[in-house]
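**Q** Sequence:
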Amino acid sequence: MLARLGLENGKIFYGKGFGATGSCEGEVVFNTAMTGYQEILTDPSYCGQIVTMTYPLIGNYGINPDDFESRRSHVRGFIVKEACESPNNWRATDTLANYLKENNIIGLTGIDTRALTRTIRQSGTLRGVITTEDCSDEELVEKAKQAKPLSGQNLVEKVTTPRSYTIDGKGRRVVVLDLGMKQSIAQNLSKAGCEVVVMPASATADEILVLNPAGVMLTNGPGDPKDAGQPIETARDLIGKLPLFGICLGHQVLALALGAETYKLKFGHRGANHPVKDLETGKVQITSQNHGYAIDEKTLDGMDLAITHRNLNDGTVEGMTHNRHPLFCVQYHPEAFPGPSDSAHIFERFISMMNS
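One point on numbering: in the UniProt record's numbering, the residue at position 309 of the sequence shown is 309, and numbering is uninterrupted.
Among the clues, some could well be false.
[As the list claims (entries may be wrong)] Straight-line C-alpha distance at most 25 Å; calculated DSS-like pairs for lysine-lysine: (1) K191 to K16; (2) K143 to K264; (3) K158 to K170; (4) K266 to K170; (5) K264 to K11; (6) K170 to K264.
Since the hints were made in silico from the structure, they are not lab data.
Let the sequences and hints guide you as you build the complete structure.
**A** Next up, the structure:
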């Protein structure tokens, strides 16, 4: 089955389709991880995006029932150099191609993913369309140009839980504001013994405070943080009242709530090998990351904040803490699955903050 990717800059990539058929549009991004494709496919932060894997062979260990980060896939499309058709792993219950087909996700294989990645690095993130349908190249490029950009869309409301639920635990009660939560975040809190109350992104500060939690966590999620809406107001109303901890989009939402600004990165940070320096200890951690926006460091001037972590590739802010209020946040993913786990201790810091 022939398939094509058309980009808004006019470039066309020809390959073979796998998974579902039809057409899909989205923001084309790349991820440099060698493993973890199942977690990537089910990470709500990828809502609205077509994900390109730079590692050349994807699907080697199939799909299993244990490694999902949410109940369904959120990517618009999936691009690989080569899709493994005969996976070999004792946990595998399905192939990548079958999973994509069952979840109505269009896959594209057989293209030069290195060339596509270089195009994104040079031009910045681009809108694109994958199709298995019959249309001219000119029509395909025009569809890419007309694709809706992520900015201006409140994608958080598409991936948040529709209603609150509780994961029982004997420890402190933690409210998790679900902006597009990966299941591994709740699992880390649950393993620490916490009672985890997951609430939708529409929850207000009053609705959270009435539960008398020991702390509040703001999770990862998709889209432009400025489009998140209610979570920014909720975070603003909670500052100084409870210990707050933010991850990824939650980090950006806390920054906006404090009065800082965010901006779109040229091609984002997506992969499992991003070096981050802990400025408090001087140690370097290898982190998993998935974000297309960052905090504008210049807008932090005059705020009672300290930058705690910095990206060693481009110098962007990867973590900060408030000097007066119990609040800290990180841009990367300390809960990373399948890894690395260099920064898993961040959850212990949050537990200690609540206990103190």
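**Q** Each of the hints needs a verdict: does it hold here or not?
**A** These are the hints, each one checked on the structure:
1. K191 to K16: violated (43 Å)
2. K143 to K264: holds (23 Å)
3. K158 to K170: violated (31 Å)
4. K266 to K170: Given pair K266, K170 is violated - Cα atoms ~44 Å apart, limit 25 Å.
5. K264 to K11: Holds - the C-alpha atoms of K11 and K264 are around 23 Å apart, at most 25 Å.
6. K170 to K264: Given pair K170, K264 is violated - Cα atoms ~41 Å apart, limit 25 Å.
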